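Based on the provided sequences and hints, a complete structural model is requested.
Chains as they are written, first to last, in the numbering used here: chain L, 4 to 168; chain C, 1014 to 1609.
These aren't lab readings, by the way, just hints derived from the structure by calculation. Since this is a predicted model, take the numbers as computed values, not measurements. Heads up, a few of these hints could be off.
To give a feel for the contact side, a few chain C residues facing chain L, derived at Cβ under 7 Å [unchecked claim]:
(1) W1118
(2) V1119
(3) A1125
(4) E1535
(5) V1549
(6) E1558
(7) C1560
(8) E1583
(9) R1587
(10) L1590
Using N, Cα and C, we set each Cβ at its ideal position, and we do this for glycine too.
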Amino acid sequence: MGQTGSPGDDGGRGPGPGPGPFEPSIIAFTCAWCGYPSAVLAGVNRIEYPPGVNIVRVMCTGMIEPAYVMRALEYGADGVIIVGCLMENCHYMVGNKRAQERADMLRPLLDMMGLRAARLRTEWINASERVRFAAAMRDFSAALRELGPNPLGRCGEGDGGEAGP
Amino acid sequence: MGKGRVGVYLCTCRGEIAKHIDLDRLAAGLSEDPAVAFVRVDQELCGPAGQDVLRASHGEGRSDRVVAGACTPNIQGLIMRAALEGAGLNKYLYEQVNIRELCAWVHDDREAATDKALRLMRAAIARALMLEALDDIELKVVPESLVIGGGVAGMQAALEIATRGFLAHIVERTGALGGRAYRLSVTFPTHNCGICCMQYCRECVLTPKIEDVMQNPKIKVHLNTRIEKIDGGFGDRLVTLEGPGGREELRVGTIVVATGSDVFDARRIPEYGFGVFRDVVTTMDLERMLEQEREIGGRFVRPSDGRTMPRTVNFIQCVGSRDRVKGNLHCSLVCCTYAIGQAREIKKLHPEVEVYIHYIDLRGPYRGFEEHCEQAKAEGVVFVRGRVAEVSEKKGRVRIRFEDTDLGKQIDMATDLVVLAVGQEPAAESERIAKLLHLQLDEDRFIKDLNPNFPSEYRRGVFVAGCAEGPKGIRYSIEDAKSAAAAAADLMAAGKIHKTRAIAVVDETRCRGCGRCEEACEYHAARVVEKDGRLVSVRDEARCEGCGVCAAQCCNRAITIKHHTRPQMEALMRRVLGTKGRGAGGKGQGAQGEVG
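As structure tokens, this is what we get:
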């Protein structure tokens, strides 16, 4: 953090270990059919949520491999939230169920690794549920603020163990 | 300006984005990225002038891929991408970040919004470097159509398709065409039966529309037939029918789903006593009574004795509609209209009968409804605002207890006939059909049609029409069927479609043929076959939807979703989280994402 001095390079985590509130950096995987549109609608309706939420669009939450979640944490995300279609209503039939199964499997592992299960959340919503989307982001961000920064990010300066350029 | 290959465009969105994001700082920050060839800011990239800028600028040849920071990629993004395609850009080398809805409009803090835009743009650039140029998949469209359901919508769709010169198969579950509209005695606003123009025609079977369908050489009608299975993919589907003549298979290129709706079962609201008190009927029962009354006479009688004509009739509106607890939350749209129509019909046949309509509020989303209402009032129909609490029976007469909110009074009155205006709900079969076709259901369990703004190919040749998609009047069902049929006919007329290449591919050297992908694929696109003496998984390009469930399921990482590869995803995440490493292509799967 703060190595480059270039703004925007710190995953939205603010000015590093100095004073000031800790602003969690979040990867929000959103599916193209419900998650992403609800984020867009939150924007259209100007419903605020913390700027630390980085939205990553995927076709279906079913394509999110456990490794993606681990990578996100390894790269220094303080939390990962997976936002897809309502259960029973996945655009691709069962992609969200697969995603939920994988998340359920990963959570205990995150605890075992000392990363805490609470860093991974899933949220199943309708494309039109902009209020709920923003609320989920605010809620998750607040929970992470409580939980504190990702220990990996702090130790490894968030570069996943690889040298910078 | 850098020496990179990525052309970066930022849109101020006529000031909308510029108001909340410091675009100068964003442009400057992005220019520092060695991957970036240039950063250009425009007022309105999706407008004609903006498109000219995109075309001219890309035409200069300084960039081989493009990242745009603008609004949503799903709508305006398609316009911008098309403009760039016109200047020779492969559409798979285009990436758009929604810095409007995801940054400018949700963060009050200008600094924070700008930082976030910078992060997302840098991440998109990192991903763009990993993108590879691809070609769309071209699929042939079989020039035959399947219409599921032979109600008004299905018949209309089949007629339109046949008119355009394509063969249409109507598959109808029951033994007759016409659907529920055929069981209606009068419809709004013409006061005709649902199908023909001759007013009270008993022999509706021979009415023009059904006859048109039956006689059309381009329409094949399959009655008493059930759809067992639908196989195949976009443009070429194999449909297995189970009918009176046994099993039959059809090969069709397009499908119109016109499965209609069911009426609400009034037994689910026990306090109205339907099925318990004989003088409580539904509006569908009343249709039959009115029809026979007109044709035979003497049939408008109390069901409890079969002889006496009811002197008072009470309609209860919103039975099963707008009722989250015992019914459905949605408004069925047509009940106010038809109940008033029936009330007027009773008044017309027997002006001495007292008719009351108990309503919460009157809704008729049709032009002409207001006049319909006014006329009913003039004809003596009494409208009572307020919910009916309970229907009971005493000494052989039904009684209703209700609140008249206009008078502010609780009233308990005896009546001769209670008519429940039942709403529409999804047809019992619609969920099964939706599953077969991989269609989503909406919050009311109707089949969800895609936003009409989306490109037609998103529908994969499957169109939903009529009440299958939500409660509708006959007129609107017919309009709906026409538009679905036109879209289907357009596809078949083109004869081929382009489908995105962003689907699964299997690296056969890594695949061990375990079959986990085959189990996971809902579209039956993954299949394990024997090849050169060993088992490998193969993909059917027409069926694969590119959801990526199989890729995530594969323990061997043998499956990649084109355009959504692992290195692309990792590069994006790495950059968005501020880690400096670029070119994650060195990790993971190797050369997949490396370009140039």
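To see whether the hints hold, each was checked on the structure:
{"no.": "1", "hint": "W1118", "verdict": "holds, 4 Å"}
{"no.": "2", "hint": "V1119", "verdict": "holds, 5 Å"}
{"no.": "3", "hint": "A1125", "verdict": "holds, 4 Å"}
{"no.": "4", "hint": "E1535", "verdict": "holds, 4 Å"}
{"no.": "5", "hint": "V1549", "verdict": "violated, 21 Å"}
{"no.": "6", "hint": "E1558", "verdict": "holds, 6 Å"}
{"no.": "7", "hint": "C1560", "verdict": "holds, 4 Å"}
{"no.": "8", "hint": "E1583", "verdict": "holds, 6 Å"}
{"no.": "9", "hint": "R1587", "verdict": "holds, 5 Å"}
{"no.": "10", "hint": "L1590", "verdict": "holds, 4 Å"}
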